[in-house]
Amino acid sequence: MSDICVEISGLKKSFGPLDVLKGIDLTVQRGEVVCIIGPSGSGKSTLLRCVNLLEEPTGGKIVVNGTELTDPDVDIDAARTKIGMVFQSFNLFSHLTVVNNLTVAQRKVLKRNEKSAQEIALRNLERVGLSEKVNAMPAQLSGGQQQRVAIARALSMDPEVMLFDEPTSALDPELVGDVLGVMRQLAQEGMTMLVVTHEMQFAREVADKVLFMDGGYVVEEGPAEEVIGNPQQERTKTFLSRVLDPTHHGPGDPE
Amino acid sequence: MAMSKRKRAQYFRYAQYGLLVLVAALIAIFADWEKIRTAFFNLDVAIKMFPTIIVTALKNTIIYTVLGFTFGLALGLVLALMKLSSVGPYRWLATIYIEFFRGVPALLVFIAISAGVPLAFNLLFDIYSTAMLALGIVGAAYMAETIRAGIQAVPKGQVEAARSLGMSVVRTNVTIVIPQAFRIILPPLTNELILLTKDSSLISIIGLTGAQYELTKFGRETLSRNPSLTPILVAGLAYLIITLPLGYLSRRLERRTGGKKVSVV
Ligand SMILES: Nc1ncnc2c1ncn2[C@@H]1O[C@H](COP(=O)(O)OP(=O)(O)OP(=O)(O)O)[C@@H](O)[C@H]1O
Ligand SMILES: [Mg+2]
Numbered sequence: 001m002s003d004i005c006v007e008i009s010g011l012k013k014s015f016g017p018l019d020v021l022k023g024i025d026l027t028v029q030r031g032e033v034v035c036i037i038g039p040s041g042s043g044k045s046t047l048l049r050c051v052n053l054l055e056e057p058t059g060g061k062i063v064v065n066g067t068e069l070t071d072p073d074v075d076i077d078a079a080r081t082k083i084g085m086v087f088q089s090f091n092l093f094s095h096l097t098v099v100n101n102l103t104v105a106q107r108k109v110l111k112r113n114e115k116s117a118q119e120i121a122l123r124n125l126e127r128v129g130l131s132e133k134v135n136a137m138p139a140q141l142s143g144g145q146q147q148r149v150a151i152a153r154a155l156s157m158d159p160e161v162m163l164f165d166e167p168t169s170a171l172d173p174e175l176v177g178d179v180l181g182v183m184r185q186l187a188q189e190g191m192t193m194l195v196v197t198h199e200m201q202f203a204r205e206v207a208d209k210v211l212f213m214d215g216g217y218v219v220e221e222g223p224a225e226e227v228i229g230n231p232q233q234e235r236t237k238t239f240l241s242r243v244l245d246p247t248h249h250g251p252g253d254p255e
Numbered sequence: 001m002a003m004s005k006r007k008r009a010q011y012f013r014y015a016q017y018g019l020l021v022l023v024a025a026l027i028a029i030f031a032d033w034e035k036i037r038t039a040f041f042n043l044d045v046a047i048k049m050f051p052t053i054i055v056t057a058l059k060n061t062i063i064y065t066v067l068g069f070t071f072g073l074a075l076g077l078v079l080a081l082m083k084l085s086s087v088g089p090y091r092w093l094a095t096i097y098i099e100f101f102r103g104v105p106a107l108l109v110f111i112a113i114s115a116g117v118p119l120a121f122n123l124l125f126d127i128y129s130t131a132m133l134a135l136g137i138v139g140a141a142y143m144a145e146t147i148r149a150g151i152q153a154v155p156k157g158q159v160e161a162a163r164s165l166g167m168s169v170v171r172t173n174v175t176i177v178i179p180q181a182f183r184i185i186l187p188p189l190t191n192e193l194i195l196l197t198k199d200s201s202l203i204s205i206i207g208l209t210g211a212q213y214e215l216t217k218f219g220r221e222t223l224s225r226n227p228s229l230t231p232i233l234v235a236g237l238a239y240l241i242i243t244l245p246l247g248y249l250s251r252r253l254e255r256r257t258g259g260k261k262v263s264v265v
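Each protein sequence line maps, in turn, to chains A and B.
First residue of the first sequence? That's 1 in the working numbering, and the numbers climb one at a time after it.
First residue of the second sequence? That's 1 in the working numbering, and the numbers climb one at a time after it.
Just so you know, the hints here were simulated from the structure itself, not pulled from any lab data.
Be careful, since some hints might not be right.
Calculated pairs, DSS-like style, for lysine-lysine (alpha carbon to alpha carbon, straight line, at most 25 Å) [to be verified]:
{"#": "1", "chain 1": "B", "residue 1": "Lys156", "chain 2": "A", "residue 2": "Lys12"}
{"#": "2", "chain 1": "B", "residue 1": "Lys156", "chain 2": "A", "residue 2": "Lys108"}
{"#": "3", "chain 1": "B", "residue 1": "Lys48", "chain 2": "B", "residue 2": "Lys35"}
{"#": "4", "chain 1": "B", "residue 1": "Lys156", "chain 2": "B", "residue 2": "Lys48"}
{"#": "5", "chain 1": "A", "residue 1": "Lys61", "chain 2": "A", "residue 2": "Lys22"}
{"#": "6", "chain 1": "A", "residue 1": "Lys61", "chain 2": "A", "residue 2": "Lys115"}
{"#": "7", "chain 1": "A", "residue 1": "Lys82", "chain 2": "B", "residue 2": "Lys156"}
{"#": "8", "chain 1": "A", "residue 1": "Lys12", "chain 2": "A", "residue 2": "Lys82"}
{"#": "9", "chain 1": "A", "residue 1": "Lys82", "chain 2": "A", "residue 2": "Lys108"}
Quick caveat: nothing in here was measured; it's all calculated off a predicted structure.
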């Protein structure tokens, strides 16, 4: 089996007349952590959502775990079970308890029996440090806890790759650390991860590769130290100086 | 003579109470209490209605309503899904159905099912099928719109999360969307049940045998043998045994769901 987990080539996506992705190439090795950064509206979420076909690409090719998702005959439901997705707004199933959030797809999609699904669920809840919340309803949890449950839910499907779309952006600052801690742990365990984030410190520490996107293109790409520590492109520099030191730049700053 | 605003409001309130007392006093003086008592509160007539009104009439009203509601709910769900379908003709058919049956009197539907269908198709429904079909057909038209609004009120993120876990469209609807939609629409659906309970009285236009009597028919039958309004009043109170708790339940549910309003147009 090859070591390539995600391979994207010439990916294009438009919403009607709006071209959001204008030709993206990206290869993610197995076990690699890739962070995607860039200004609002640059197409980061769209790129991530194309990787599990929540958005239908308008052009190009996406191969995940050896399956071409852009093939019209692909069994997308089967392919998605191997691609975990974590959303900015958690999206826990609000009518199900925590444990049922983790078992519902295992049972209905992977056809695991109740007992083994529960065992796997409990193991993953432990991984994210929430064993004591098994029977809670999502509404009874803090944002940080909900997001960790969402991560455990995705992990319960035994995915080959995990996609994170700004997993900490909707959280109170004091809850961000717990979620990033879980993600750091996952990275250390060798999970392949694609992370859209504004947490530059996290990207620096954890990412093997950082992508800077702007205007539907990948503008700069390389090891975290280079892209964040020593950016070459003017647009990357401008973006980073705003993110890292927002108080010194007004919204009207020239690009 | 200047009067403060507060003083004026106070006098106005006194005046309202005064009017109330005056009207009550006039009624007390001039009303023929004996006549009112025998007309509305004829205890002998009322007592004679028991226990049949409970063990037969109320029971049948509940049975007819539950049958109609169940069928209407199932049909309403199908119509709601049709209305949300990406296939145009499904949407049009659902719209035509809903607009038609919300626009015609329920009584007409009862006549159609109980008399029209047997004449036209030589097909005779028993009382339970008639109640289920007629009430269900009418109820479905109203419930479809409620259910549709409920389904649309389920956040899009719930669907995306389910699909990301590999659930098919159908599986997502059955496991995630519809259960959540029903939680959202439980209060309006309870109101729908109240309306159907009252509409079940329309079945009294059909020739029913004694064991099939529901509250309205039973009230009318008793009335025809006792020249008093008491049977109607008692039958009305019996409806309240069903509708008041349901109304209370509906308000409770509405409060529990945090007053999350689903606008039903
Ligand atoms: N479903 C959609 N229909 C129409 N336009 C869309 C849709 N989804 C995204 N867009 C547009 O595509 C562009 C890129 O959106 P996207 O969400 O990918 O940006 P982003 O980089 O994730 O931004 P942010 O940092 O704000 O999340 C935006 O202009 C957005 O308005
Ligand atoms: Mg985004």
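Checked hints:
Under the criterion of a C-alpha separation no larger than 25 Å, the hint pairing B/Lys156 with A/Lys12 is consistent with the structure, at around 24 Å. Pair hint B/Lys156 plus A/Lys108 holds up; C-alpha atoms about 20 Å apart against a cutoff of 25 Å. The hinted pair formed by B/Lys48 and B/Lys35 meets the criterion: a straight-line CA distance of about 20 Å does not exceed 25 Å. Among the hinted pairs, B/Lys156 with B/Lys48 is inconsistent with the structure: their alpha-carbon atoms are about 58 Å apart, more than 25 Å.
This hinted pair checks out: A/Lys61 and A/Lys22 have alpha carbons roughly 13 Å apart, not beyond 25 Å. Taking the CA atoms of A/Lys61 and A/Lys115, the gap is about 39 Å. The hint is violated against a cut of 25 Å. The straight-line distance between the Cα atoms of A/Lys82 and B/Lys156 is roughly 22 Å, inside the 25 Å bound, and the hint therefore holds. The hinted pair formed by A/Lys12 and A/Lys82 meets the criterion: a straight-line CA distance of about 23 Å does not exceed 25 Å.
Of the supplied pair hints, the one linking A/Lys82 and A/Lys108 holds, its CA atoms being roughly 15 Å apart against a limit of 25 Å.
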